[in-house]
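Trainee: The chain contents come next:
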Amino acid sequence: MIRHEKTLTKKLAIVLVLKFAVLLALWLGFVRDQRVIVDADRVAAQLLQSVATPTKGLKP
Amino acid sequence: MIPVQLVDLSRLQFAVTALYHFLFVPLTIGMVWLLVIMESVYVMTGNVVWKDMTRFWGKLFGINFALGVTTGITLEFQFGTNWAYYSHYVGDIFGAPLAIEGMMAFFLESTMVGLFFFGWERLSKTQHVMVTILMAIGANLSALWILIANGWMQNPVGAEFNYQTMRMEMVNFWTIVFNPDAQAKFVHTVSAGYVTGAMFVLSISSWYLLKKRDVEFAKRSFRVAAAFGLASALSVIVLGDESGYTVGESQQTKLAAMEAMWETKPAPAGLTMMASINEAAQKNDWEIEIPWVMGLIGTRSLTKEIPGIHEIKAKNRERIVRGIVAVNALEALRANRDDRMAKEVFERHKADLGFGLLLKKYVADVNQATPGIIERAVNDTVPRVTPMFWSFRIMVGLGFAMLALFALAFWNTIKSANMQKPWLLRLALWMLPAPWIACELGWFVAEYGRQPWTIYGVLPTHLSVSTQSVNSLYGSLAGFIVFYTVLLVVEMFLMVKFARMGPGSLGTGRYQSEPAPHSIPAHT
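One line per chain: the protein sequences are C and A, in this order.
Position 10 (the first sequence) corresponds to 10 in my numbering; numbering is contiguous.
Position 154 (the second sequence) corresponds to 214 in my numbering; numbering is contiguous.
No wet-lab data here; the hints were simulated from the structure.
A quick note: this is a predicted structure, and the numbers were derived from the prediction, not measured.
Watch out, some of these pointers could steer you wrong.
[Unchecked claim] Dumping the calculated BS3-like pairs for lysine-lysine here, alpha-carbon to alpha-carbon at most 25 angstroms:
1) A:K557 <-> C:K11
2) A:K410 <-> A:K279
3) A:K373 <-> A:K410
4) A:K111 <-> C:K6
5) A:K272 <-> A:K481
6) A:K557 <-> C:K19
7) A:K410 <-> C:K11
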């Protein structure tokens, strides 16, 4: 493997590791705790009793 | 209570991440077949320049694959966080092709990508070309399963709503797999990917030819890209016609909006080339039309009419009224699951349940919907015409421009005249962004045109979103944008760097700026 290819392999490996780290950070920051428990009753409540409003924010 | 801001932000986040994701995808889908062609010629002829071509373009393919891989995973994050109600409602169907894509296609593709890059010295020529072919099949199978899932969102066949579980349930897997919308979308989308791959190779080869460097290598690459691009651009147009036909069959609102067709015209309808769209007055102030063409494309007949927006809205008004009955019956069934009367009424009207649910955007109790509210819901059933009309036309215009370019490139390359036509090489270079713009606009037309539904005619978008905080959405949106922008910058940097280095980066000694122990064989 020549120098250019070694450099590219190294750079791509770094990118992949960083990407994994960023994805993990995004998941930890925004996904893990955003558990929206959904079951038939909750769907029924959303579909049959909700109304869209232009208000800001909402409690989970 | 569902804030409109929550719905809009969730949509924006999905749109942004999907559009970023699709900057990487078409190049992977397309370039992999170019690698198959190049390596197959190498195996058949033994001419080492074809191996060098496979390795060099494979390197650029590898950069794109490494940067692009897993960018789709954030979309799957969002199904859970932002679209949890959607995921419950249709997860039984939507989840299956996504799981198959991961388990079957992506694993196959990823394994073969590893063998492709690290197997040159370890596998025989035949074994290695088989790896490349399997890598191509994996990439395309991946697209197939994703588009089966997306096709079902456009045309939800093979499933039924169960009021007890409050979800759509699969009744026939093969109906979903062979959904005409999914199949038409698949072939159209992968063909667009092939055009993207061909344009990428053609543009960079043109740059080498303009600079008069690595000419033999660039000429061969140019020739392969021109031939493959011409066949692919023709396929995109023919298969796009098929895709348009299936849209006319299953999504009349999308077709009418794409064509700014306010009124039902006598069959066969003309194709509106350009128009001044007046959305407020719901008409075109002026339009340039080619007689018959739209009728032939949209219905494949001379006698079948294509309904205009006003006629579609009138039908949707009736469906919303029937949908109110379905919503009431569903509420009664939820209160008492043994209510036979409610069950009978629901079975009769359940096809219009989604239309009744459209009213929930404006009123908690659908029975309180005034004629004004019903009218607002009716207007919601057709997406905004202006962005649909122009996005579609720019996409089609770029498609024909690329077809013309590939045809010219192919003609000149078989005449061995491409070196004498610097204007053609410059045109090929400047057309590099065209397939990406066309692909992104195509997805915009497909997805914006599906509004106001996540599942066409079944589940309104505003009822699909999760009940989470707006601030959290702003945070994740910013995170995704930063993440994808960094990936894109790194991709551009590496692509430009290695494209500038050219095949000399392979270190074979056969190319410019390298010591030359062997020259490129003249024959192919």
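Trainee: Each of the hints needs a verdict: does it hold here or not?
Mentor: Evaluation of the provided hints:
For a cut-off of 25 angstroms, the pair hint linking K557 (chain A) to K11 (chain C) stands: about 12 angstroms separates their Cα positions. For the proposed pair K410 (chain A) and K279 (chain A), the alpha carbon gap of about 61 angstroms is over 25 angstroms, so the pair is violated. For the given pair, K373 (chain A) sits about 19 angstroms from K410 (chain A) by alpha-carbon distance, which is consistent with the 25 angstroms threshold. A C-alpha spacing of about 19 angstroms is found between K111 (chain A) and K6 (chain C), which places the hinted pair at or below 25 angstroms, so the restraint holds.
Between the alpha carbons of K272 (chain A) and K481 (chain A) the distance comes to roughly 13 angstroms, so the proposed pair stays at or under 25 angstroms and holds. Straight-line distance between C-alpha atoms of K557 (chain A) and K19 (chain C) comes to about 21 angstroms, which keeps the hinted pair within the 25 angstroms bound. For the proposed pair K410 (chain A) and K11 (chain C), the alpha carbon gap of about 55 angstroms is over 25 angstroms, so the pair is violated.
Violated hints, listed in ascending order, are 2, 7; each of the other numbered hints is respected by the structure.
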